[in-house]
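Asker: So the sequence lines, in the order shown, correspond to chains A and B. Residue numbering for the first sequence follows our numbering, beginning at 1 and increasing consecutively. Residue numbering for the second sequence follows our numbering, beginning at 1001 and increasing consecutively.
What the hints contain is simulated information worked out from the structure, not anything from laboratory work. Check before you lean on any hint, since a few could be wrong.
Unchecked claim - Below, in silico cross-link-like pairs of lysine-lysine (BS3-like), each with a Cα-Cα straight-line distance of 30 Å or less:
no., chain 1, residue 1, chain 2, residue 2
1, B, Lys1189, A, Lys9
2, A, Lys2, B, Lys1030
3, B, Lys1051, B, Lys1189
4, B, Lys1051, A, Lys7
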Amino acid sequence: MKEYFSKMKGGGTSPPCVGISEVLWSWLGSFAGIGVLGYLSSSYFEPRDLTMIIGSFGASAVLVYAAIKSPLAQPRNLIGGHIISGLAGVFCYQVFGTATWAAAALAVSLSIALMLVTNTLHPPGGATALIAVIGSEQIHNLGFFYAFVPAGLGAVILLIVALLVNNLSKNRKYPEYWF
Amino acid sequence: MQEIELESEDLHAALEELHQYVDVTEEDLKKIYAIALRHARERLTFKVPVKDVMTGDVICIKKDADIHEAARILSQNRISGLPVIDEEKHLIGIVTEADILYSTGMKKSHDFRDILRHILGEPHPRINKGSKVEEIMTTQVITTSPDRDIKEVARILDEKRIKRLPVVDENNKVIGIISRANIVRYLGKQ
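In isolation and in its complexed conformation, chain A is listed as follows:
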């Protein structure tokens, strides 16, 4: 029991802070990525009763523009994580939709399990799965198409911007690997 609670002490050291240039590149990348998504969404998708921007892309932006060396931020995880989680979320909503709490819990847990199995772990995927359950009527009406638009396509756009912006800096290289 003592050992159990002693684990909660932590005891490690936090990593060093990054320099100002890293902060600026991360800012620029995330601004451009979310900006492009927002623009495309409002100009082309929302008039057609679709959307291109969901909350989980904010979290993806943190990874693909600020933690670009992380395995969680690599293309396989970014695209695979969102699509797999989107499919898991829609499946859980359609099967357990009446009990929202159960559908939400199952969507997130199933998406995590599937991402781990397929080696596509991408934390924002959990949000993509959750949104499929607790999202608006517009999201629910998309059915399994939600996993591809906005989830998959949005991730592809974030990836394209990441490739363009992250590699402008001489100290940065993205991706570390594709698959």
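Start from chain A and add chain B according to the hints.
Answerer: Just chain B now, kept in the frame of chain A:
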């Protein structure tokens, strides 16, 4: 290999030098380093040259020896193959139990009917290849140098489905033999 103990400040400096956010803690980095170092050490220590494992006191047979002599040597020494050498002790072939059996009429790969014939006492048609070792030996011998890693040798033995490799020096003179048993015995001692 010189032991290097990583301090927290070294890891902190390394992370800082990357100039980017890396989602790994110093503690995990230290653990990864220690494990990787252990694996590297294991990999290097496992590289064992053939000369450390082979049987150096190898029994050879001259090419003009009689096959009955070869059979006697194999039987007396409880071995299944003999390197065949010329006058200058150069390796020119290998003679195995299978070669001798083949010369007496046994097929190298016999089926159920052959075994049945044998039980019923049906005589084998003698394949009269000759009575000298050089007439029945296998001439295309796969050999190894004494410095090769035994892992490579194990792979060859497995792939070619053979039991032993003669070890030869740069002049093709037999200096030893390495068998499956040598490798297994060595690994058993580790």
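Asker: So, for every hint listed, does it hold in this structure?
Answerer: Here's how the hints hold up against the structure:
no.: 1; hint: B:Lys1189 with A:Lys9; in the structure: violated, 44 Å
no.: 2; hint: A:Lys2 with B:Lys1030; in the structure: holds, 25 Å
no.: 3; hint: B:Lys1051 with B:Lys1189; in the structure: holds, 16 Å
no.: 4; hint: B:Lys1051 with A:Lys7; in the structure: violated, 51 Å
When the structure is compared with the earlier hints, violations turn up for hints 1 and 4 and for no others.
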